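S.K.: Spelled out, the chains give:
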Amino acid sequence: MYTVFVQTIINGLLLGGVYAAYSAGFSLIFGVMGVVNLAHGELIMLGAFTSYWLFAYFNLDPYLSAPFAMILLFLFGYVVQKYIINRVIGQPHIMSYILTFGLHLMIANIAIKMWTQDFRSITTSYSGANAAIWGLNIPLARLVTFMVALLVTWVLWFFLMRTETGRAIRATAQDKEVARLMGVDIRNIYAITFGLGAAITGLSGSVMSPFVIISPEMGLEYTIIAFCVVVLGGMGYMPGALVGGLVLGVAQSLAATYLNAGVSVAITFIILFIMLVICPKGILGKGSVA
Amino acid sequence: MNFKIDRIILIIFLGITAALAFLPNFVESEYLLRLITVVIFWIGIAGCWNMMSGYTGYIDFGPVVYFGIGSYVVAIAMTKYGIPFFPSLFISGLISGSVAFLVGIPTLRLKGAYFAIATFAFAEAMKQIALEFDRTFSVSFFQGSDGITLPISGHDNSFFFYCVLPVTFLVVLAHYYIEHSKFGYGLKAIKEAETAAEISGVNTTANKLGAYVSSAFFLGLFGAIEAYWITYITPSDVFNVQKTVQMVIMTLLGGMGTFLGPVVGATFLTLISESLGARFVEYYLIMIGGIIIVAILIMPNGIIGSLKIRKKLRFI
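If you're matching them up, the sequences are chains A and B in order. Under numbering that gives the first Met the number 0, residues 0 to 289 are what the first sequence spells out, in order. Under numbering that gives the first Met the number 0, residues 0 to 315 are what the second sequence spells out, in order.
Just chain A, same shape as in the assembly (with noise of 0.2 Å):
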């Protein structure tokens, strides 16, 4: 009975993890131009996509091929951003919504014409790897972007508040006129960040793609979570991704293992709808409030 409950706590964690990485990207161009990007999933895709593709042709493993796919998808991002969304910015909030919606339906659509609908995954040695402690299971490839979570949450921390192009990231995302009074070109600097989202997004989706199913359709369900995860952390706040995921993660492990797995979807939706209603600002209370 209590080993259950720690299990369905850790799993809650690990999963909440997952959510955190590939919901960090969402929140930063959130936070920084106002957008919601309805292709999100589609980043995530194109990172799993990199890493089969690079597995099946050169046997690369998928952490190994990490790096490429974050390259990839930074100058895919940054191309999108730079010719697409830009044009935009500035127009009321439900063009970007249905731009970027396009966008999913184009990139998911070309995808599933380029590499049919088949469901994929990459086996590795490690891929079902449980690390078994005092009867706990933890699943090691989960455990592994756990970590890479953090890592990705802390290195955007670092570089939005050390560096001088982050320094910029944040004064557009204030004040976007006086940051372009300042000298900031705010077109670059929108493409950079959305680049910048679409890498780590597409790093998440890379390190994820050892343990789930890659199809050029799943994207829209995890856009759909990062809204959630999102939305509870805190829209722009990038902390906040952290801690909406293990929240989520955790809620949505706890409703499965005492409920069904059907209830705990329920659940992630009147969590979000419930949360928006009484504290939009997130359950830190640093989300920007529109």
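Just so you know, these hints were derived from the structure itself, not from any lab. Computed from a predicted model, the values in this text were never measured in an experiment. C-beta: ideal position from N, C-alpha, C; glycine also. Be careful, since some hints might not be right.
The list that follows gives simulated cross-link-like pairs (lysine to any residue, SDA-like), each with its CA atoms no further than 20 Å apart [what the hints assert, rightly or not]: (1) Lys112(A) / Tyr184(B); (2) Lys187(B) / Pro91(A); (3) Lys175(A) / Gln90(A); (4) Lys307(B) / Tyr184(B); (5) Lys307(B) / Pro91(A); (6) Lys190(B) / Ala205(B); (7) Lys112(A) / Arg278(B); (8) Lys187(B) / Gln90(A); (9) Lys307(B) / Ile7(B); (10) Lys307(B) / Asp5(B).
Each pair of labels, with its calculated beta carbon distance range [claimed, not checked]: (11) Asn129(A) / Ser274(B): 39 to 47 Å; (12) Gln90(A) / Asn202(B): 23 to 31 Å; (13) Asn129(A) / His154(B): 57 to 65 Å; (14) Gly134(A) / Pro105(B): 41 to 49 Å; (15) Gly200(B) / Ile212(A): 55 to 63 Å; (16) Tyr231(B) / Glu216(A): 23 to 31 Å; (17) Ile8(A) / Tyr176(B): 53 to 61 Å; (18) Thr78(B) / Asp117(A): 33 to 41 Å.
Let chain A serve as the given structure and place chain B on it in line with the hints.
M.R.: Using the frame of chain A, we list chain B on its own:
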């Protein structure tokens, strides 16, 4: 001048509706009748979204929830309680409207992306509840993913044509009312500057709630009609987020917050998907994605919106 153009458009609209009422007598092909019904159906649904989000600027990402509630109410009323279709239809609208009233009070305080996400979350939560309620509480009410089979109506396509036409007619008429009433000016003021509207004495909460509830009422009716038409519903079908997306895209293509926007957008997109969808099944969604992106980039105000700006007209 503007007033005159509006009058003319209203008369043309009434004329078209009157002419449409006789359509089933002349149209031989069942396919054509069905296609026209679907177009009118989507004009109405897109109009419901436009009524709320187009005019107030509050982007509702979960309107499908009221459509789904309508479907489920009619299904449960007919199968579990044996109520005939038309009373059930009316009950659907009322229940959808009441739920919107209760949900609207807390939700409409949110702004921007938060309102959009909250409505989306509510719609998804309702879908999951409809899916899992029975299994969790061991009852047979929503019948989860098995879905509910409604009594086979035995009516032909023209019956549903006559169900859909008056509801869409009312939705478009409501648009005309919004364009020419204090209530409608209030909604537009909320879109432009909510605080300023409030200071000027517009009861913003009541206006938003009014638009939200009436949009939900009509969506409930449409949901009920579709459920009876299709005769088999599942939560994943009637609460499908694709329906929301379609409403948004149609309105946006036509022009948000305009009288003719949903009419033009829904007709255009339905006919496109009917012609392209059948011929290029594999590329259809890629093309829709492309159309959306291009439309947003080159005419963010939609077809009617751009026309209005170019012609400097204030009509519709």
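S.K.: Does each hint hold? Answer for all of them.
M.R.: Hints and how they fare:
1. Among the hinted pairs, Lys112(A) with Tyr184(B) is inconsistent with the structure: their alpha-carbon atoms are about 47 Å apart, more than 20 Å.
2. A threshold of 20 Å between alpha carbons decides the hint, and for Lys187(B) with Pro91(A) the separation of about 15 Å falls inside it, so the pair holds.
3. Restraint check: the Cα-Cα separation between Lys175(A) and Gln90(A) comes to about 14 Å, which is no more than 20 Å; the hinted pair holds.
4. As the CA atoms of Lys307(B) and Tyr184(B) are separated by approximately 18 Å, the hinted pair is consistent with the 20 Å bound.
5. This hinted pair checks out: Lys307(B) and Pro91(A) have alpha carbons roughly 19 Å apart, not beyond 20 Å.
6. Between Lys190(B) and Ala205(B) the alpha-carbon distance is near 14 Å, which keeps this suggested pair within the 20 Å criterion.
7. Our distance criterion of 20 Å between C-alpha atoms is met by Lys112(A) and Arg278(B), whose separation comes to about 16 Å.
8. Proximity of Lys187(B) to Gln90(A) is assessed by CA-CA distance (about 17 Å); at most 20 Å being required, the pair is judged to hold.
9. Taking the CA atoms of Lys307(B) and Ile7(B), the gap is about 16 Å. The hint holds against a cut of 20 Å.
10. Annotation: proposed proximity of Lys307(B) to Asp5(B) holds, straight-line Cα distance about 13 Å (limit 20 Å).
11. Remark: the range hint 39 to 47 Å for Asn129(A) to Ser274(B) is contradicted by a beta-carbon distance near 54 Å.
12. Between Gln90(A) and Asn202(B), the C-beta spacing of about 29 Å keeps the proposed range 23 to 31 Å intact.
13. Between Asn129(A) and His154(B) the C-beta distance comes to about 59 Å, which sits within the given range of 57 to 65 Å.
14. At about 45 Å, the CB distance of Gly134(A) to Pro105(B) agrees with the hint of 41 to 49 Å.
15. With their beta carbons about 56 Å apart, Gly200(B) and Ile212(A) fall inside the hinted range of 55 to 63 Å.
16. Remark: the range hint 23 to 31 Å for Tyr231(B) to Glu216(A) is upheld by a beta-carbon distance near 24 Å.
17. Checking the proposed 53 to 61 Å range against Ile8(A) and Tyr176(B) shows it holds: the Cβ atoms sit about 55 Å from each other.
18. Between Thr78(B) and Asp117(A) the CB atoms are about 39 Å apart, so this pair conforms to the stated range of 33 to 41 Å.
Consistency note: the structure conflicts with the earlier hints numbered 1 and 11.
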